[in-house]
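Protein sequence lines correspond, in order, to chains C, D and S. Once you know that position 260 of the first sequence is 260 in UniProt numbering, the rest is easy, because the numbers rise by one and skip nothing. Once you know that position 94 of the second sequence is 94 in UniProt numbering, the rest is easy, because the numbers rise by one and skip nothing. Once you know that position 247 of the third sequence is 247 in UniProt numbering, the rest is easy, because the numbers rise by one and skip nothing.
Be careful, since some hints might not be right.
[As the list claims (entries may be wrong)] Listed below are the simulated EDC-like cross-link pairs for lysine to aspartate or glutamate, each with C-alpha atoms no more than 16 Å apart in a straight line:
id, chain 1, residue 1, chain 2, residue 2
1, S, K215, C, D214
2, C, K173, D, D26
3, S, K215, C, E82
4, D, K165, C, D77
5, S, K215, S, E168
6, C, K250, C, E234
7, C, K66, S, E168
8, D, K165, C, E223
9, S, K215, C, D77
10, D, K134, D, D26
11, C, K173, C, D197
12, D, K181, C, E82
13, S, K9, S, E37
14, C, K249, C, D212
15, D, K108, D, E180
Keep in mind that the hints were calculated from the coordinates and are not lab data. These numbers come from a predicted model, not from an experiment.
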Amino acid sequence: MATEFPLPPVLTYYPSSSSTPPSLITQGAEGRLYKSTHLASSRPCALKYRPPKPYRHPILDARLTKARIQAEAKVLDRCCREGVPVPAVYAMDAAAGWMMLEWIEGQPVRAGINVWLGARPETDEAIDAANDAHQTPLINLMERIGTVVGALHLTGIIHGDLTTSNMMLQPWKTTHTSQQQTNGEEAAAKEAAVQGDVVLIDFGLATTSSSDEDRAVDLYVLERAFASTHPRAEKLFEHVLEAYGKTFKKAPSVLVKLADVRMRGRKRSMLG
Amino acid sequence: MALEKLTIDNTPSNQNIYLALFRDVDADTTQALQKQLLARNPAFEYAFIDASSIISRVHLLSAIYNALNAVATNTLQTPNVHSEIVLSLSPSNNIADAYRRWGFAAGKTTDLIVVKVVFHDNEQTEEQVWAHLKEHIPTGTVVDPITDEEIAKSTDWSKVRKYYKLNGVPALDRIKDDAEKKREMERLAVMGMALRGL
Amino acid sequence: MAAPIPKNKRRRIALGCEGSANKLGIGVIAHDAVTGEPTVLSNVRHTFVSPPGTGFLPKDTAAHHRSFFVRVAKQALADAGISISEIDCICYTRGPGMGGPLTSVAIGARTLSLLWGNIPLVGVNHCVGHIEMGRAITGAQNPVVLYVSGGNTQVIAYAEQRYRIFGEALDIAVGNCLDRFARTLEISNDPAPGYNIEQLARRGQTLLDLPYAVKGMDCSFSGILTRADELAAQMKKELSQGKETFTPADLCFTLQETVFAMLVEITERAMAHVGSNQVLIVGGVGCNERLQEMMCAMAAERGGSVYATDERFCIDNGIMIAHAGLLAYETGFQTPLDESTCTQRFRTDEVFVKWRN
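Please model the entire structure based on the sequences and the hints provided.
Right, dumping it as structure tokens:
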């Protein structure tokens, strides 16, 4: 698939002999994501490129592309300075439609949770309160998610597309093992899958807002996405909200609003 | 020879980039250099950078990368790639401020980083560049190799914090470990440069 | 409880009555009893056109529909060349739309039903009518549907027995935005304000600056209309001072380029979301060739294709109501007389689509 698309100009320069060639990772409606390098191979990066849209008037297209890249970069800058875990911006050329971001090692939270839940999570029975005790590493992850989303909202930013695919699990430098070693290798691998720092990615739809409503909708989108992606662990989502509720002063009122949003059964409810 | 030839990923191949670091340069030298710059002597087309405003190689190379991209896309905001490197170190579009903060101050700057970009249509060799530099920067110690540790010896952290608006930034204040804090400052500085003027 | 088919019956026939806005449409459709293949037997329409600078008011529109109902129905029957006894069901638009016009046509449909010996009634969702007619005419199998008209702006995809709304206008519909801007410029409403904007836009040269309001898969148009109206006022003022920096054509061009880019963008996002590469454009605004052209450019880049219908089917008509109604009727659905009401609000995703799997 990668060969179907011409590379963005920034990646067409003569690569140094030591560098790995850029590779296309995803092609979405918004644009393409490449893995490349910033300065040297020791600095892997994600290059986000918004190619020109042939259907749009060129002036309008240029204006929108530039504004969107700038908006996303500003959100990331604000998060970084506030200490919300997001990738840093290494370089950008908004007019040319690209932005180079820090490469986040590790796998998406979605994949980690699926490893934890087992190979075919959707067919197994739902996790209930009775076996919660065995779920401590997963619950800890849920709490870390809640804390990170709370930190994001505290800075006045709404992500706009929170899913477990838009969160990475950046491996810890040392693994924390909570369970006894006697559980064996398989259990250790399972546990490792849900360890790591939660890093939020893909702020292409992010906006600035401090309203309870917008924050609640952001949480609701995550809740729906979580339920459809990990139906078996749906009940554990309360741990996300619980941790979120402790992150800033107004968080509890956002959770009250969330109940409203759920009641309204927003049209988004069928999206999952 | 203590001129380092840099390779930077994803930059056009039609140029050579050279780097040098001089420590403890005397006032006469920087004053003489400034005269040449004010006279716009084309033989003195270098990016002269005050090393005390530089954090690390990544910090410096990021500025060079951004300036080379401006050359490649015909979006230079200053006369040439060398002045653009100095501007690229700044998080704002104020060119005079950028020169004052990251360029050298005659008679004051002691540690001097020099970057030279030689495009291939220019015949200048590495030896010629180095000979010219040595001739006009006769004082001070030539640092070789130019490692992060060597650069850090010159860094004035209070200046860096001020220039990149890093005072009172929550992301830094929560970090206890000094080395980690410096890495984070580099990360935020590079980001400030990438978002210049936004 | 599917309707029994007499052994000798080769086809089922439905009469459809549409009048949710300013078009009164009555049409007759036949479905092959075995293959389901639809055949349009007649498609008659009469449009209420208001003077330039005005919109159609519910009261006047309802009066129009009442006074033309009999004429249009007779014509539809004559064109179809069928006898009343062949009609299996009478379909009418239950909503969404304007209350007065909807009610007038529903009364007409009920009257026909009773007059012709209790022919079963089928209440139809207007949007589903557009979608089903579009699918039938174009042969698009499972497209993402962009439904754009004076009253609706929706990006729809089918999943599990429902047409699900992925994105929509958060305030006014795109067609309403165009119609109202036509009023600002006092462009003729004949044959349709949107059509006249399209013709004027072809002569536009300069792209002016209008807001661009896409939020995820939703969009909004009222802010754009406000700004376009301001620009129009500025233009008139300048013109009175003997200046001309831009023309009405430039304004129409800018408005189309901006709002259509938004529509194509949300459609593309929905396509990426559901993994489809077919787009079906339905609704009155769907006739616009510039919109179709932009959609084609987007779909081509994704290796997909665009399906659109011409004005006979994308503008409100009775046939689409007959077709969608007959599809439901064939699964056993009927609307009892005492429940044959109308509703101004009737979401596309409320309809249980039993005829698809």
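How the hints compare with the structure:
Note on K215 of chain S and D214 of chain C: the hinted pairing holds, with a Cα-Cα distance of about 12 Å set against a maximum of 16 Å. With a C-alpha separation of about 45 Å, the suggested pairing of K173 of chain C with D26 of chain D is violated against the 16 Å cut-off. Taken as a hint, the K215 of chain S and E82 of chain C pair is broken in the structure, with Cα atoms around 25 Å apart against an allowance of 16 Å. For the given pair, K165 of chain D sits about 12 Å from D77 of chain C by alpha-carbon distance, which is consistent with the 16 Å threshold.
Using a Cα cut-off of 16 Å, the hinted pair K215 of chain S and E168 of chain S holds, with the two alpha carbons roughly 10 Å apart. A threshold of 16 Å between alpha carbons decides the hint, and for K250 of chain C with E234 of chain C the separation of about 25 Å lies outside it, so the pair is violated. Distance hint between K66 of chain C and E168 of chain S is unfulfilled; the C-alpha atoms sit about 25 Å from each other, more than 16 Å. A distance of roughly 37 Å separates the Cα atoms of K165 of chain D and E223 of chain C; the hinted pair therefore is violated under the 16 Å criterion.
The hinted pair formed by K215 of chain S and D77 of chain C fails the criterion: a straight-line CA distance of about 22 Å is larger than 16 Å. For the proposed pair K134 of chain D and D26 of chain D, the alpha carbon gap of about 14 Å is at most 16 Å, so the pair holds. Distance check on the hinted pair: K173 of chain C and D197 of chain C sit about 10 Å apart at the alpha-carbon level, within 16 Å; holds. Taken as a hint, the K181 of chain D and E82 of chain C pair is honoured in the structure, with Cα atoms around 14 Å apart against an allowance of 16 Å.
For the proposed pair K9 of chain S and E37 of chain S, the alpha carbon gap of about 14 Å is at most 16 Å, so the pair holds. Simply put, K249 of chain C and D212 of chain C have alpha-carbon atoms about 12 Å apart, close enough for the 16 Å limit, and the pair holds. For the hint pairing K108 of chain D with E180 of chain D, the CA-to-CA distance comes to about 30 Å; that exceeds 16 Å, so the pair is violated.
Against the hints set out earlier in the document, violations occur for numbers 2, 3, 6, 7, 8, 9, 15.
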